[in-house]
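**Q** What follows is the residue order along each chain.
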Amino acid sequence: KNQVEQSPQSLIILEGKNCTLQCNYTVSPFSNLRWYKQDTGRGPVSLTIMTFSENTKSNGRYTATLDADTKQSSLHITASQLSDSASYICVVSLSSNDYKLSFGAGTTVTVRA
Amino acid sequence: GAVVSQHPSRVICKSGTSVKIECRSLDFQATTMFWYRQFPKKSLMLMATSNEGSKATYEQGVEKDKFLINHASLTLSTLTVTSAHPEDSSFYICSASRQGPTGELFFGEGSRLTVL
Numbered sequence: 510k511n512q513v514e515q516s517p518q519s520l521i522i523l524e525g526k527n528c529t530l531q532c533n534y535t536v537s538p539f540s541n542l543r544w545y546k547q548d549t550g551r552g553p554v555s556l557t558i559m560t561f562s563e564n565t566k567s568n569g570r571y572t573a574t575l576d577a578d579t580k581q582s583s584l585h586i587t588a589s590q591l592s593d594s595a596s597y598i599c600v601v602s603l604s605s606n607d608y609k610l611s612f613g614a615g616t617t618v619t620v621r622a
Numbered sequence: 008g009a010v011v012s013q014h015p016s017r018v019i020c021k022s023g024t025s026v027k028i029e030c031r032s033l034d035f036q037a038t039t040m041f042w043y044r045q046f047p048k049k050s051l052m053l054m055a056t057s058n059e060g061s062k063a064t065y066e067q068g069v070e071k072d073k074f075l076i077n078h079a080s081l082t083l084s085t086l087t088v089t090s091a092h093p094e095d096s097s098f099y100i101c102s103a104s105r106q107g108p109t110g111e112l113f114f115g116e117g118s119r120l121t122v123l
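So the protein sequences, as listed, match chains P and F.
Letter 95 of the first sequence, counting from 1, is numbered 604 in the numbering used here, and no numbers are missing.
Letter 2 of the second sequence, counting from 1, is numbered 9 in the numbering used here, and no numbers are missing.
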């Protein structure tokens, strides 16, 4: 069973609207949580990275939140643009001492005009 | 910012041939690089950790004789798919971190392999 679960699997939103993606994890111990954006046929690009002590981090119109107690994270996209159409991947790092990462399956976002 | 480059971005080969994919860190040195495989609509699967100057560490279930990894320099790792078969067709991605395990992980653009 994947240790990082993302929801929804996919969603469609109208340009200009907001949306929120969810990431629940069971990974333990936990070092940091990352959100990546992956365009179709391209490599992932980092959006945010948060340690367990951080609650929120923003990158332009992208805002990530983290609740380490409930092991939940969200990625909020504000005023969506057509270029936001992509897969958004939640990645959890197990330890600060090695590169063990757990990847979520991603949420595919489609922004329509 | 840091950039990781992969080449080729797309490759088509005949069954039985070998294909080499390169992963370069363009503006930083990476003692450790990672190779992933991604199936459509699925998450990235770590295949192996490439260590400069030493043997790669393969994940369980990944055939090391099938997927040869060489990390000959601090800026280059290569993945060679040997005796490729149609089931090896996939999207292969590499990544590297400039600042160790807690640093930002930069991904290559990916390489789409199609084996006929």
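One or more hints might be untrue.
To be verified - Straight line, CA to CA, 20 Å or less: simulated EDC-like cross-link-like pairs of lysine to aspartate or glutamate:
hint, chain 1, residue 1, chain 2, residue 2
1, P, Lys566, P, Asp576
2, F, Lys48, P, Glu514
3, F, Lys49, P, Asp576
4, F, Lys49, P, Glu514
5, P, Lys566, F, Glu66
6, P, Lys609, F, Glu66
To be verified - Some chain F residues close to chain P (C-beta under 10 Å, calculated; not the full set):
hint, residue
7, Thr24
8, Lys27
9, Leu75
10, Arg119
No lab work stands behind these hints: they were computed from the structure.
Glycine included, C-beta positions come from ideal geometry on N, C-alpha and C.
**Q** Tell me, in ascending order, the numbers of any earlier hints that this structure violates.
**A** 3, 5, 7, 8 and 9
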